[in-house]
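A.B. asks: If you want the building blocks of each chain, they are given just below.
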Amino acid sequence: MMDPSNNHHAVTLTVNGQTRTESLPPNLLLSEYLRDHLRLTGTHVGCDTSQCGACTVLVDGAAVKSCTVLVVQLPGTTIETVEGLGRPDQLHPVQEAFREAHALQCGFCTPGVLMTAVALLNGDPHPTDAEIRRGLDGIICRCTGYENIVAAVTRAGNGMAAAQEVG
Amino acid sequence: MTLGTFRYERPSSLDEAIRQAVEAPGARWLAGGMSLLPLMKMELAAPPALVDLAGVEDLVGVRERDDVLWVGAMTRHAELALHPLVARHASLLAAAASQVGDPQVRNRGTIGGSLAHADPAADLPAAVLALDATIQVASPRGRRGIPAGGFFLGPLMTALEPDEVIVAVTVPQRGARRQAYRKRPHPASGYAVVGIAASLRWEGDRVASAAVAVTGVADHAFRAQRTEALLTGEVLTDALLVEASGVVTDGQEVWGDLYASAEYRRHLAGVTTRQVLEHLRADG
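The listed protein sequences derive, respectively, from chains A and B. Sequential numbering from 2 applies to the first sequence in our numbering. Sequential numbering from 239 applies to the second sequence in our numbering.
So here's chain A without its partners, still in its complex pose:
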């Protein structure tokens, strides 16, 4: 019998292009759903208290900390995770720029930084350094000191804009 205090809800979500409808308990966090149900473990959980931003994914194109949202809050939405960005043999321009600019060291926060950067650059492919720093305010990287991350986002924006012109 269903626990009346943990009443499941049917939720339809599109994750990285695949649409599913599942009956899910309300206390399931989006981060848990992605990692434990879908095995999309590219989304990392760092602080688990909505400070560090490592768990950032896109919900209908907006950057959201997946450790601080319930899946049942998101019916009908489109979720994008780092697995949906690119493939090892075909990196997304932001991933390529992070590689070229050495914008990661341990890489733990990188999935969240990438998704935050993608949201930022989708809004404006040519942000200033100050706008990049403000846009990445919600992520914490304990390795790089951020200089290379800012350089990578600038480079990625140029790459995305060029790709759109070609494309």
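Since the hints were derived computationally from the structure, they do not count as laboratory data. These figures come from a predicted structure and were not determined experimentally. A portion of the hints provided could be inaccurate.
[Stated by the list, open to error] Chain A side only, calculated, beta carbon under 7 Å to chain B, not exhaustive:
#: 1; residue: 51
#: 2; residue: 63
#: 3; residue: 85
[Stated by the list, open to error] Among chain A residues calculated to face chain B with C-beta under 8 Å, some are:
#: 4; residue: 6
#: 5; residue: 7
#: 6; residue: 28
[Stated by the list, open to error] Computed footprint of chain A on chain B, listed as stretches where at least three residues anywhere in the stretch have a Cβ under 8 Å from a Cβ of chain A:
#: 7; segment: 244-250
#: 8; segment: 279-291
#: 9; segment: 337-344
In this text, a Cβ means the ideal position worked out from N, Cα and C, and glycines have one as well.
Please build the complex by placing chain B on the supplied structure of chain A, with the hints as guidance.
C.D. replies: The following block gives chain B in isolation, referenced to the frame of chain A:
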């Protein structure tokens, strides 16, 4: 960190939401969840039920109604920061919303949620105080408006009854004012060590009326009444600017913590107020 269990409701109308909350004693309203969900994760709150307001149409949108700006309670900070009507009629509210937390928080957090949570260092309480806004609420007993000046009672304490839900924030339209919000954020949390919201109406070079609100400094956001009284009707000279800024925390119990002593906060509040007033004097 798995959350404990709770019942979840997702009503599609305000009446349904209010009824569901009545039927589940101890239920909490869920708006963006940027304050409530962290509290639940840290087990500082364990409500038996959440009534999610995200599907309630009555709480959505920003519009002009008669002589007020009507801001639905579920308006997210990111939308508030960019909305043309907010920019036109309540620019300091847009400025404050653009400085809440970080982009991810602004994409989820709402004005209703932030005001109901009433963090003593939150940005929006200062904004609604300086705008003489009214918090419009609904409950099984009907509707009422709570003036912002009587809404914030203490840390995380408001004039809301347990069964009341914020429907909207209304801002009166009373002609052109110069407005600003300036925050000295804690560099890690982004919360205001000091935040000053000010709205001045000018007649020539005189201040016809002044509203100055302060957050981050005391156990709840407040209006700086001595500062306002000194400014009202006066030409904003350099001497008055210094005098009025210097009394911005008068009558308040300024708090100190690990990040900023009471003495430092008092000083920073004065400096920040002076900067805001200088900006409003020069602006236009």
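A.B. asks: Within the segment 337-344 of chain B, is the number of residues with a Cβ closer than 8 Å to a Cβ of chain A three or more?
C.D. replies: That given contact holds, which follows from 5 residues of the segment 337-344 of chain B lying within Cβ reach (below 8 Å) of chain A.
A.B. asks: Would the hint on residue 63 of chain A stand, with a C-beta cut-off of 7 Å toward chain B?
C.D. replies: With a closest approach of 4 Å, the residue 63 of chain A hint holds.
A.B. asks: Min Cβ distance, residue 6 of chain A to chain B: is it shorter than 8 Å?
C.D. replies: 5 Å, holds
A.B. asks: Are there three or more residues in the segment 279-291 of chain B whose C-beta lies within less than 8 Å of some C-beta in chain A?
C.D. replies: holds (count 6)
A.B. asks: Holds or violated: the hint that residue 85 of chain A contacts chain B, with Cβ atoms closer than 7 Å.
C.D. replies: 18 Å, violated
A.B. asks: How about residue 28 of chain A: closest beta carbon in chain B under 8 Å, or not?
C.D. replies: Holds, because the Cβ-Cβ distance from residue 28 of chain A to chain B comes to roughly 4 Å (cut-off 8 Å).
A.B. asks: Does residue 7 of chain A pass the interface hint, meaning its C-beta sits closer than 8 Å to a C-beta of chain B?
C.D. replies: 4 Å, holds
A.B. asks: At a Cβ distance under 8 Å, does chain A reach at least three residues of the segment 244-250 of chain B?
C.D. replies: holds (count 4)
A.B. asks: Would you settle whether the hint for residue 51 of chain A is holds or violated, based on the nearest Cβ-Cβ distance to chain B being less than 7 Å?
C.D. replies: 6 Å, holds
When held up to the earlier numbered hints, the structure conflicts with hint 3 and nothing else.
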